[in-house]
Amino acid sequence: MSTALLEHRDDAGAKIGMWLFLLTELLLFGGLFVLYSVYRFRHPGEFHDGAMELNLILGSVNTLILLTSSFTMVLSIAFLRLVKRGASLLALAMTILLGLLFLVNKYFEWSAKINHGIFPNSPELLARSHGEILFFGLYYVMTGLHGLHVVIGVLLLSIVMVWMVRGKITPDRDIFLENAGLYWHLIDLIWIYLFPLFYLIT
Amino acid sequence: MTSFNTYIIVWLGLLNLTGLTIAVTVLHLGRWSVLGAIVIASVKSFLVLNEFMHLKHEKNMIKWMFLVTLACLTVFIGLTFFDIAFR
Chain A
42 MSTALLEHRD DAGAKIGMWL FLLTELLLFG GLFVLYSVYR FRHPGEFHDG AMELNLILGS
102 VNTLILLTSS FTMVLSIAFL RLVKRGASLL ALAMTILLGL LFLVNKYFEW SAKINHGIFP
162 NSPELLARSH GEILFFGLYY VMTGLHGLHV VIGVLLLSIV MVWMVRGKIT PDRDIFLENA
222 GLYWHLIDLI WIYLFPLFYL IT
Chain B
10 MTSFNTYIIV WLGLLNLTGL TIAVTVLHLG RWSVLGAIVI ASVKSFLVLN EFMHLKHEKN
70 MIKWMFLVTL ACLTVFIGLT FFDIAFR
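The listed protein sequences derive, respectively, from chains A and B.
Under the numbering used here, think of the first position of the first sequence as 42, with each following residue one higher.
Under the numbering used here, think of the first position of the second sequence as 10, with each following residue one higher.
The set of hints was computed from the structure by calculation and includes no laboratory data.
Heads up, a few of these hints could be off.
Below are the DMTMM-like pairs computed for lysine to aspartate or glutamate, each with C-alpha atoms no more than 25 Å apart in a straight line [as the list claims (entries may be wrong)]:
1. B:68 - A:215
2. B:72 - A:52
3. B:65 - A:219
4. B:68 - A:66
5. B:65 - A:51
6. B:72 - A:219
7. B:65 - A:66
8. B:68 - A:219
9. A:125 - A:219
10. A:154 - A:173
11. A:147 - A:66
Chain B stretches covered by chain A per the calculated footprint, using a threshold of three residues with CB under 8 Å from any CB of chain A [what the hints assert, rightly or not]:
12. 18-32
13. 40-46
14. 69-76
The structure displayed is predicted, hence computed values, not measured ones.
Beta carbons: idealized from backbone N, C-alpha and C, even for Gly.
Given these sequences and hints, build the entire structure.
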C-alpha cells in the first residue's frame with residue numbers, strides 16, 4: 042500500500058499535455074490546409090483535373106476503415122472500464138489491424154500513381170501545368186504526413202497493447218490507453234478533411 | 010451500457026455522412042459541392058471530437074484550449090484570404 046502512495050501520477054496533467062500536443066498537430070495540418078486552399082483558389086481548373094485522377098474508391102474505402110478503427114478504439118477503452126480485459130484487447134487489436142489495412146491501401150494507391158509516372162519531380166509531372174504540379178505535390182506531402190501519423194499511431198497502439206498484456210494498463214490506470222486513443226482519433230479527424238479536399242472536389 | 014449504444018449510433022452516423030458527402034459530389038452541385046463537403050466534414054469532426062474523444066465530458070480548460078486553437082486557425086485562414094482575394 043505504501044508503495045502505491047509513493048507512486049507519482051497525474052492523470053489530469055497527462056491528459057492536458059496530450060491535448061496540448063494534439064492542438065499543435067491541428068495547427069501543423071491547418072497550415073497545410075491553408076496552403077492547399079490558396080493554391081486551389083489560384084488554380085481551380087488544375088486542382089479539379091488532379092482530383093479526378095485520384096482513386097475515389099480507394100479513398101472512400103480508407104475513410105470507412107479509419108472511421109471504423111476509431112469506433113473499435115472507443116470500444117477498447119469502454120471494455121477496459123467494464124473490466125473486460127479480453128474484449129478490450131480484441132478491440133485494440135482490431136484497431137491496429139485496421140490501421141495496417143489503411144497503410145496497405147495507401148501503398149497500392151501511391152504505387153499506382155508512381156507507376157503512372159506521377160511523383161514529385163518526375164518528368165511526366167513536370168511536363169504538366171503549374172497547378173497540377175502543385176496539386177500532386179500537396180497530395181504527396183499531406184497524405185504522406187498523414188500516413189506517417191498512421192504508422193506512428195499503429196506503433197503507439199502496439200506498445201499500449203503490450204503494456205496491457207503485461208498489466209501496466211489496468212481499469213483504474215488507463216491513461217496510456219486513453220491518450221493513445223486520443224492520438225488515433227486525431228488521425229481520423231485529419232483524414233475526415235483530407236478525404237473530401239483531395240478525392241471529392243470537382 | 011448506454012455508452013455502447015451511443016458509440017454504435019455515432020459510428021453508423023459517421024459512415025452515413027461519408028456516403029452522403031460522396032453522393033453530394035457525384036451530383037455535381039458546382040460551387041456548392043465544396044461548401045457541402047466542408048459542412049459534412051465539420052459535422053463528422055464534431056461527432057468524433059465530442060463523442061469519441063469525449064471533449065464534451067472534459068474539463069472547461071481543455072475545451073477552452075481547443076476553442077482558442079480553433080480561433081487562431083480561423084484568424085489565420087481569414088487573414089490569408091483577405092490578403093490573396095484583394096491583392
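Against the structure, the hints come out as follows:
For the hint linking residue 68 of chain B to residue 215 of chain A, the alpha-carbon distance of about 18 Å falls within 25 Å, and the restraint holds. Restraint check for residue 72 of chain B and residue 52 of chain A: the C-alpha separation of about 17 Å stays at or below 25 Å, so the hint holds. A distance of roughly 15 Å separates the Cα atoms of residue 65 of chain B and residue 219 of chain A; the hinted pair therefore holds under the 25 Å criterion. A distance of roughly 20 Å separates the Cα atoms of residue 68 of chain B and residue 66 of chain A; the hinted pair therefore holds under the 25 Å criterion.
Proximity of residue 65 of chain B to residue 51 of chain A is assessed by CA-CA distance (about 21 Å); at most 25 Å being required, the pair is judged to hold. Of the supplied pair hints, the one linking residue 72 of chain B and residue 219 of chain A holds, its CA atoms being roughly 17 Å apart against a limit of 25 Å. Distance restraint check for residue 65 of chain B and residue 66 of chain A: the Cα-Cα separation of roughly 20 Å lies within the 25 Å cut-off, and the hinted pair is therefore satisfied. Between the alpha carbons of residue 68 of chain B and residue 219 of chain A the distance comes to roughly 15 Å, so the proposed pair stays at or under 25 Å and holds.
Among the hinted pairs, residue 125 of chain A with residue 219 of chain A is consistent with the structure: their alpha-carbon atoms are about 16 Å apart, no more than 25 Å. Our distance criterion of 25 Å between C-alpha atoms is met by residue 154 of chain A and residue 173 of chain A, whose separation comes to about 14 Å. Under the criterion of a C-alpha separation no larger than 25 Å, the hint pairing residue 147 of chain A with residue 66 of chain A is consistent with the structure, at around 21 Å. A stretch counts as covered by a chain when three or more of its residues have a beta carbon under 8 Å from one of that chain; for the region 18-32 of chain B and chain A the count is 7, and the coverage holds.
Under the rule that three or more residues need a Cβ within less than 8 Å of chain A, the assignment of the region 40-46 of chain B holds, with 3 such residues. Residues of the region 69-76 of chain B lying with their CB closer than 8 Å to a CB of chain A number 4, which satisfies the three-residue condition for coverage.
Checked against the numbered hints given earlier, this structure breaks none of them.
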